[in-house]
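Novice: Here is what each chain is made of, one letter per residue.
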Amino acid sequence: MARELWKGNEAIAEAAIRAGLQAYFGYPITPQTEVLEWMARRMPELGRVFVQAESEVAAINMVYGAACTGARVMTTSSSPGISLMMEGLSYIAGTEVPVVLVNVMRGGPGLGNIAPSQGDYQQAVRGGGHGDYPRIVLAPSSIQEAIDLVTLSFDLAEKYRTIVMIIADGSIGQMMEPAEMPPMQPLYHRQWDWAVTGKMGRERRVLSSIYLDPYQEEQTNLRLFRRWQEIQANEVRYRAYHLEDAEFVVIGFGTAGRVALSAVRAARQEGLKVGLLRPISLSPFPHQVVAELAQRVSGFLVVEMNTGQMLEDVELANAGRVPLRFYGRPGGVVPFPDEILHEIHALVEAPPAPGEDARLAWLERMTRLTGGDGWQR
Amino acid sequence: MATLTAPANIVFTRPEGLTEFPTHYCPGCTHGIAHRLIAEVLEEMNVLDRAIGVAPVGCAVFAYNYFDCDFVEAAHGRAPAMATGIKRVLPDRVVFTYQGDGDLASIGMAEIVHAAARGENITVIFINNANYGMTGGQMAPTTLPGMKTTSSPSGRDVETQGYPIRMAEMLATLEGAGYVVRRSLHDPKNIRLARKAIRLAFETQVRGLGFSMVELLSTCPTNWGLSPVEALRFVEERMVPYFPLGDYRVSPAVAQIRV
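As they're listed, the protein sequences go chains A and B.
Residue numbers for the first sequence follow numbering that gives the first Met the number 0, so the first one is 0 and each next one is one higher.
Residue numbers for the second sequence follow numbering that gives the first Met the number 0, so the first one is 0 and each next one is one higher.
In case anyone wonders, no lab produced these hints; they're calculated from the structure.
The structure presented is a predicted model; accordingly, all values stated were derived computationally and were not measured.
Ideal Cβ placement from N, Cα and C applies to all residues, glycine included.
Any given hint might turn out to be false.
[As the list claims (entries may be wrong)] Now the stretches of chain B that chain A is said to cover, found in silico as 3 or more residues with beta-carbon under 8 angstroms:
hint, stretch
1, 44-52
2, 71-78
3, 87-93
4, 106-116
Just chain B, same shape as in the assembly (with noise of 0.2 angstroms):
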């Protein structure tokens, strides 16, 4: 039988912000890199024990079970105002939303504008896969055109439906915004880049600089009907080129921040 002996060099662990809760995401999702990207952050910043999270409604309503700090579960697309009390009332607080496209760029699209729009010092984890995941894949406000969900079946018509909306463009029309930006997840690399946004996103909140968003391209094989792999490369093919990666507003008071 062999016996398990403590390794002598450590070089990966589960962050201290996760808790051992197994997430439920389907495999392939890249909800969990954005977890535990914002695990590792607040590790690294030492505010786990004042972070204090938002959960959305869609994918993301258990993410209460995985992060090892205080949360709330808000209603569908009411994240930003819930933290807007919890931040108002404890302003030496860490709080941060999760949310999805449905959940912020539709139900909840009056609540984020005016969040970014007052500069509340809280920051928003903006999860854009394209679709409602939760429910199964309907459309979302985000869906490109003419991308097959369950409720576009013969793909997004622009005529009849519209066309997607850029929050981040969007959100960094506006003055109360210390820090928006766009990041995607779909490689090594980038998800490098999104872990560096997600900092700042952070420090831009704990130094009283305003909203700060980071909206990250995911991935969701499960609805989109594409394994894992073809998933990601149509995050970098398809949905990189109608939503630019880049930054969207940066203050210059965030712009001197170095991480």
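So that you can see chain A by itself, here it is in the shape it has in the complex (with noise of 0.2 angstroms):
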């Protein structure tokens, strides 16, 4: 297929579509609306079902619904959508059921602002939903990849029986650029032996996430952690830019790492040898690829468009070994590269001392620079 100009949340309604999907379930905000608008338009005129929920807790639920009979299904939101589904991605987690999920990110926390932000990296990877689960994260650094990984999420919510969450921001979801849609996969609905779809001759089957049994509660636990090892073994995804030779490293996903990519290639003219590591699977996170690294490099610089929550995972692999700076633009304020090449070079010609707390430092810096009251540079 040829390359088309798409808008990033249309394409990503659309690479859902192509996909095969069965039903989509959602609840307009910004700046995620134009995915519903797309699903309103074009799932009806396929036959497949399209339904506007009351509210994201109702949207997630009727997913939850939906996948339980095996079908493939979404839905998709923006941070204070995505606050409200936790509830529905604990029961899902809990039932082992195939579900994908996109959240086009924005600021916050509360009602924010609908600029694009890295703000719920913590919700997706760590937390959310209450309980014991592990899930899939992903982030797209372009409308391509957006495609992409929709298509990819699909098949492994269903090899996993697991949620794969896709975090995009604002920019990825209103932006537009050339991107190729694949071809329309075949409609049908998986016969899986797990499905609640009517007995239709069969035994009976239930799907729950109650295990009043503690023991067995425990059981479910520890199988949902061994599918995790599996899923950590074969499912770790990033993106390598100039590191063969590179002595500092910027680490950065999504947007920020898009954006630090524009500043490595103009550190790489300065004749610096600087290379960047994009996680793309952000749960099950790279640590590997960052502990071989860190084995070899001078420096990494971490970049993100929130207060450091991806560096923590980032320090967690390097564990002290080498110099490590932060910088990060909270709140829905995007970084531009210039910002992003000041940073490599304080970090070539200045590195940090081992040790030295990442976050604070960049906290006194921004504090400094904004003046407490906006900013300043």
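Relying on the hints, combine the two individually framed chains into one complex.
Specialist: Listed below in structure tokens is the structure:
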């Protein structure tokens, strides 16, 4: 298929449709609403299910019901709406049904704003709903990658009977760029040996997240984490740029990683041996890759559009081996490449002392630069 | 030793729609009657094989153990949303929720109202026993004025705790609803009327005539602190006057159904 100009949110929607999406349930929220609008038009014309739910709470529970039948199903939202879905996600995880979910992140906490942000990293990767459950989290940095990850997500969700969450941000959702859409996959209702579809002559089936006996619940928790070991072994994804001879490595995901790439290329023009590691699977996180880099490079610069959430994963993998600098723009601010280039210079010229608290050092710099009441640079 | 022989003329058996799993319900509770009526109707309509139930959170949380059909277990109050997801992808299945008053009329108010407004072709069996049974008898949206519960120990004070919600009347205002009625389980005559209503509710669904709900006034002897017989009398004398029995919405198409 030819490359066409696609808007991020619409591309995410169409990619899901082409991956054989049977049902979409959603609720309007900026900057994600175009997904819902695209689905509202396309799904009915293809004879598929579209429901605008009364809330994100209802949307995720509609998804839960449809997923229990084995249908390919998804929902999308943005940060405040994703918070409302956390109850449902916990139940979905406990019931072990496959669900694909996209979070087009915006500035927070609270109502925040509608600008691009990466403030939901920890919510997606670590937390969210109650109870012990892992989930796959993927982060695209372009519209093409968003399309490819949506397609992949359905297969991963079904393979591991897990939640796959794609965290994009407002800029991925709203911008337009050329991308190639995959061909339409055939639509069919997959027959799983766990799905609730009506007995139709077989033994009855029950799907639930309730295990009243703690020992049974413990077994369920262990089963989920055994499956997670398999996911960690097989599903780590990242992109490496100029890492072969890199002495310093910038680490950033999604839009922050994309902006960082421009800065890394500029630094290369200046002759600096700088590379970029862009994690695509944030969960499972490429800890091993970071740990291996920590054996041979002279410093890391972590760039995020938050206050240092992925930073904690990098610190875990780095284990204090190489100097670490952090640069974050939270609250819906997107860094410019020259800001990151400036940070690269600072890292190369004066690497922080080993063991220095990267986030605290960043906070002090930010406070000085912004004077506490606005960006001055 | 007595020899067991097959009885010549069986007049009463467990319906096919119920499993042999012993229920956990308290003595004198009418959940068992409601279960039986649903099971009888599903069997009678020959739809057990394509029935999918959605269990609530509350006393009926283990309903999935008792019905011999496929089942899912919803989060508290979300059964109508979950049923919507199932019914939309499998429209030829018979999908029903079984919900209590805390589940349906409090935490799940948005889900039930919008399922009815959308005219989802699902059937809702709503058990109104005027309290949160599972958690030990707290005040529900359906608790009567002055009624004592563990969270209204001096009796429900309408000045500070508001008034009971009449769900059947409320949902009957919605165009998407095809069949919304209230029945009671306090005596054999009313149980027979309830059974007929449940049949009509499922008939509404299989004919694609929209949302259907049967509200069933039920007992909770344990949390009410009454004997089973006193509890039945409480339903008749105290609950029926506040929650009048009747047909609140019967769409013209549903009115044509003869069963």
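Novice: Quick one: which hint numbers does this structure break? Sort them smallest to largest.
Specialist: The structure conflicts with no hint, since it agrees with every one listed earlier.
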